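One-letter residues, chain by chain:
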Amino acid sequence: MRRRYHVRAPGVLYLLLVLAVGLVAANRPGNLLVWVFAAMLSGVLLSGILSGWPLMKLRVRRRVPSTAVAGEPLVLRYEVSQGSRAWPAFAVSVRELRVAPLGAAPVPAPAFVRHVGPRETVVAESVAWPARRGALRFGTFRAETAFPFGLLGKSVRFDDDASCLVLPRARPLRPGVLRELAGEGRTGTASRPRIGPGSDFLGLREYRPGDSVRSVAWRRSTAGGDLTVIERSVDAPPRVGVVLDLRRATEALRVEGGPARARELEEDAIVLAASLLQAAASEGMETSLAVLGLPGPAAGARAGRRQLERELCALAALDLDAPRDAEIAFADPGARSSVIVVHVDRADLAVGGPTAVHLAAGQLRSMTVDAAEGAR
Amino acid sequence: MNVGTWLSRSVLAACMLALAAFSASQADAWVLVVAGSVTVAGFTLSGGPRGLALPPWAVRVAVLGGIAWGALEVFARPGAEDAARTVGIVVTAGICVKAWDRRVPSDWRQVLVLAMVLCASAALHSSDFLVGTLVIAFAAALVPAAMLLQVHAGSEAAADARRAAVPAGRRAPALESPLGAAPARGMRRMAALGALAGIAMSVLAFAVFPRELAGEGGGRGRVSGFRANIDLWSGGRISQSSRVAMTVRLLDPQDRPGELTMPLRMRGAVLDSYDPAEARWSGSGRFSRIRRFRTEPSGGFEPLAQRVRDERSNVWTQEVQMRSLASDRVFSAWMPLAIACDETRIFGLDRRTGELVDIGGGRLGRPGSYRIRMQAFPSAASVQAVLPASGPLPAAGDVGFPVARVREIAARVLAEQGPGNLPSDAEIAEDPSLRRVRARRIAAFFESWLSGGDFRYSTDLSAYRRGEGEDPIVQFLEVRRSGHCELFASAMAALCLASGIEARVVTGFIATEYDGVSDRYVFRESGAHAWVEVRVDEFQWMTFDPSPLAELLAIQQANRTWLDGFRWILDPVEFTWNSRFAGFDARAQAELADRAGEASRAAQAWLSARARDASAHAERFFMQGAVGVAWVASVAGALAAVGGILAVLAARGRRAAAALGAPGAGRAARMALARDAGFYLEALGVLERAGVGKPSWRTPLAHARALGTRSRGASEAFEAIVRRLYAIRYGGVRPTRAERREAHGLVAELRRALADGYTR
Chain H
1 MRRRYHVRAP GVLYLLLVLA VGLVAANRPG NLLVWVFAAM LSGVLLSGIL
51 SGWPLMKLRV RRRVPSTAVA GEPLVLRYEV SQGSRAWPAF AVSVRELRVA
101 PLGAAPVPAP AFVRHVGPRE TVVAESVAWP ARRGALRFGT FRAETAFPFG
151 LLGKSVRFDD DASCLVLPRA RPLRPGVLRE LAGEGRTGTA SRPRIGPGSD
201 FLGLREYRPG DSVRSVAWRR STAGGDLTVI ERSVDAPPRV GVVLDLRRAT
251 EALRVEGGPA RARELEEDAI VLAASLLQAA ASEGMETSLA VLGLPGPAAG
301 ARAGRRQLER ELCALAALDL DAPRDAEIAF ADPGARSSVI VVHVDRADLA
351 VGGPTAVHLA AGQLRSMTVD AAEGAR
Chain S
1 MNVGTWLSRS VLAACMLALA AFSASQADAW VLVVAGSVTV AGFTLSGGPR
51 GLALPPWAVR VAVLGGIAWG ALEVFARPGA EDAARTVGIV VTAGICVKAW
101 DRRVPSDWRQ VLVLAMVLCA SAALHSSDFL VGTLVIAFAA ALVPAAMLLQ
151 VHAGSEAAAD ARRAAVPAGR RAPALESPLG AAPARGMRRM AALGALAGIA
201 MSVLAFAVFP RELAGEGGGR GRVSGFRANI DLWSGGRISQ SSRVAMTVRL
251 LDPQDRPGEL TMPLRMRGAV LDSYDPAEAR WSGSGRFSRI RRFRTEPSGG
301 FEPLAQRVRD ERSNVWTQEV QMRSLASDRV FSAWMPLAIA CDETRIFGLD
351 RRTGELVDIG GGRLGRPGSY RIRMQAFPSA ASVQAVLPAS GPLPAAGDVG
401 FPVARVREIA ARVLAEQGPG NLPSDAEIAE DPSLRRVRAR RIAAFFESWL
451 SGGDFRYSTD LSAYRRGEGE DPIVQFLEVR RSGHCELFAS AMAALCLASG
501 IEARVVTGFI ATEYDGVSDR YVFRESGAHA WVEVRVDEFQ WMTFDPSPLA
551 ELLAIQQANR TWLDGFRWIL DPVEFTWNSR FAGFDARAQA ELADRAGEAS
601 RAAQAWLSAR ARDASAHAER FFMQGAVGVA WVASVAGALA AVGGILAVLA
651 ARGRRAAAAL GAPGAGRAAR MALARDAGFY LEALGVLERA GVGKPSWRTP
701 LAHARALGTR SRGASEAFEA IVRRLYAIRY GGVRPTRAER REAHGLVAEL
751 RRALADGYTR
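Chains H and S, in that order, give the protein sequences. Under my numbering, think of the first position of the first sequence as 1, with each following residue one higher. Under my numbering, think of the first position of the second sequence as 1, with each following residue one higher.
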């Protein structure tokens, strides 16, 4: 922790006023004016003492969520603890000094604590607005106060590194888009080795009270003498595999508008892939993600929130500045999977198989809706 | 705790106190009534989103108009007093306007600054007890107002920053600035501490503020109209206050009290030198021939000369009781012969003019009462005994007045209207005693000429304009023909001097009331007065008062209010204020320093005596003289060193146990931990000093890894230290001395890595 005093603009003006009063007091008879000058001077000293004293035992701990979503508010929480036994702290601002990488997010507005009592802990919040996906790193932050008079300020710096992974902001698909893209994968063509209301045979067991009469295997029951019930399996959910084609480097993309536009398209491709995965996961489908050209996730297709989080984290962690490897092979997710390949600029029909659907990043806005528009 | 409501009330209280202080300094209650009502109404009605606030353009126009008016007034009346008053009026208007404005934190700040300037203006104008009380109350009220403003402003600024950071089209989550438990109690505690500490510091700074040796008329901030010097251009300090300055009881030679004469004049200062460049009367060579007299509480009267010790002819006793006035001047109706006081004091007598002044003699403040023995018509022998430095009667040609126009006026008036039976120069040359007749007749003529009706008594001097080559006495005699007692006395003294008659201006008080119940003359602050003494003989000065007495009495009577009957309640407090605070000058500062020095020396002497006693006692106990003392001192020193070392070791052990997660370990275990794992504590200290201290909620290993983001070398060094610590703490390893040394080497490596800066 590093402590520092700051002279503020009101303090400078106040000092000028004190000097003026002092000059008049020195030249004009009037003990009361002398006392006024003395009181104003002691105000400066008192300001320095009372601003620094409560901060002597002030401790701040920052809580950063592990993930956030680009364009959505990221709430930073600060646990402000006053270690002093007798003195409270008032008007304490906690502000971040640096957010990396530059441009990923503006430095958030400071959190403000109106009062923290002796031996108390309060939680203040601040909001950051990450502009784009990726790893957001927070470094040094500072607690400062100009209490009581605003003439002098004192600050304490805390060095605490923390990071947050900003996920790409998935957009809702337009109605019917997923059904068209998923194709036969929509209905499901396999079963799972789990008991459920499916149609495929899984096994036999003894009858238990409460079993449906329709599930009784009458022939077997007659032969064995005991009631036997057929257990059926759960139909496997539809499976969608999303392939993100990033084999071409940003500079090699054929895009009008230069490298900046090319990078935007790459980000759009990532957002489109995320949107597809999120839509599929919300429909209960099993999803898988493959990234061509960059190291990506290795897990197979699964359903559920965790799988989606893993896939979105993988998309968030993609470093588009890393060298691309055009040789990374694509593992076919299987015959019963619908494959959707997202390209950046131009489609490569060799990827994904004959039944794959190929999309371009430029189709992002035509296939999705903006969250605000969707709300309307 | 509703900060906004508290802030509004605090600022309003501070503003009202500032307005009251300024109103009291101007002795004009209407300022408080009008401005206070407008301010209270403004604060009350303009608050909140539906408040009745002035539109911003109206506020700006009002503020600019006020500033413009103030600038014009300052140019028109450039005097310091008038300028301060103008500033006060402009600031008062500013506060009233801002009270009706919508307020953001910067506006609150402006209002408080305006209130501070208003208080400073009030303090510049008066050091009166009431003004002082209000200014101190304002200072105490300003502390919580400023504190609440900081909390409110910070909250508003944070909310504004939060709103500004929200991207367009998005909505931010609702966030609240948190409050702990019992914020009001914490705020009260901080405000009380701030106010008390501020007042204590300000008193200290007040006591050491450099002051000139006042010497004349008291320190900074006399509150009465009495002045030991007269500046004719600064007539604005004529006091209208009817506060009782002092009361006087006259005892005849048989010690019977009674009303002798009305009005009664009490002489305070003698001014015999006129500076035409500054239009200023002062005492030439004042107190250059001074004799000191010491009074004791039970010592009785101290004669001012040995030859008058037994004087009893026509000797009256004057008992003076100071009320609101605290002055170093000793007032006397006639020539003093002896002085007595109920306090141990030293008084100084100017042996040329007979002025008496309190020098102090080790006491702070001014005398509250004293007694004077005086002679109504002193003999030449008495005067010569008490005032041996009064000098011979100067020749007529040696007496003059430096303003030529006054000489012309004097000659013309004497020629046109003067008494016709004046002794001529030739007659005076034959019979020098005729000079006394001439002087008396001329002085009486000038007195009657000035008080006869051609000149009007007035305290309004606004028409007097200071210009190049202008003299206020000439303006008074030729143009204005109205003024107050200082101008009347100055004019008569100037005319007499211009006519070759030695004359001087005397300032003091005039009493026009007599309290028959207490047998006392009542002297009020508005009774500060100036008159003339004319030398008619070598040891005889006659008193003349050219001010129209009837008009003077009428003005004084008009200033009386029903409050005068109750002022006696505050008199003791006011006297203490005037004596100890308003009259605190360089002499009092020196006495305070002397007292502080004496107290310090007394404390040192006491400590030395105690130390000597203890040494003697020890010497007697050991019976070995100086050697025994040295031996005892050595043993004591060694014991103290051992105790200190043990205490340090115990403290280290406790710190080590706490830092290593073993707070309940026994003494032996703590000592062992401190010895074996001391390198870890040292490493923590290195990290703390480098600004990367380990938070209490993070494990050592996690912190070592977190350091890797800043310095790989530091991370590796600290990780190595942590692993050794774990081995000792949890693995039961007992390191050897060499291993401990090696571990301390790792700490040095950590220190080097951190000093190298951040590397990746």
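Warning: the hint list may mix true and false statements.
[What the hints assert, rightly or not] Per the computed footprint, the stretches of chain S lying under chain H, defined by three or more beta-carbons under 8 Å from a beta-carbon of chain H, are: (1) 176-188; (2) 286-295; (3) 634-643.
[Said to hold, decoys possible] A few chain S residues that face chain H, going by a derived Cβ cut-off under 7 Å, partial list only: (4) 120; (5) 123; (6) 146; (7) 581; (8) 582; (9) 627; (10) 628; (11) 631.
[Said to hold, decoys possible] Here are the computed lysine to any residue pairs in the SDA-like style, where the Cα-Cα straight-line distance is at most 20 Å: (12) S:694 - H:157; (13) H:57 - S:712; (14) H:57 - H:2; (15) S:694 - S:712; (16) S:694 - H:209; (17) H:57 - S:655; (18) S:694 - H:75; (19) H:57 - S:181; (20) S:694 - H:201; (21) H:57 - H:95.
Bear in mind the hints are in silico, worked out from the structure with no lab data behind them. Owing to the predicted nature of the structure, the values given are computational and were not obtained by experimental measurement. Backbone N, C-alpha and C define an ideal beta-carbon position, used for all residues, glycine too.
Outcome of the hint check:
1. 176-188: holds (count 9)
2. 286-295: Per the Cβ count (0), the hint is violated.
3. 634-643: With 0 residues in contact (Cβ-Cβ under 8 Å with chain H), the coverage given for the segment 634-643 of chain S is violated.
4. 120: Nearest chain H Cβ about 5 Å off; hint holds.
5. 123: Cβ of residue 123 of chain S sits 4 Å from chain H, so the hint holds.
6. 146: 5 Å, holds
7. 581: 6 Å, holds
8. 582: 5 Å, holds
9. 627: Violated - the Cβ of residue 627 of chain S stays beyond 7 Å from chain H, reaching only about 49 Å at its closest.
10. 628: Since chain H brings no Cβ nearer than about 47 Å to residue 628 of chain S, farther than 7 Å, the hint is violated.
11. 631: This interface hint is violated because 45 Å lies over the 7 Å limit.
12. S:694 - H:157: Holds, at about 14 Å.
13. H:57 - S:712: Not satisfied, since the Cα-Cα distance of roughly 30 Å exceeds 20 Å.
14. H:57 - H:2: 13 Å, holds
15. S:694 - S:712: 16 Å, holds
16. S:694 - H:209: Distance of about 63 Å is beyond 20 Å: violated.
17. H:57 - S:655: 18 Å, holds
18. S:694 - H:75: Violated, because 24 Å separates the two Cα atoms, which is more than 20 Å.
19. H:57 - S:181: 18 Å, holds
20. S:694 - H:201: 61 Å, violated
21. H:57 - H:95: This hinted pair holds, its Cα atoms lying about 18 Å apart.
Against the hints set out earlier in the document, violations occur for numbers 2, 3, 9, 10, 11, 13, 16, 18, 20.
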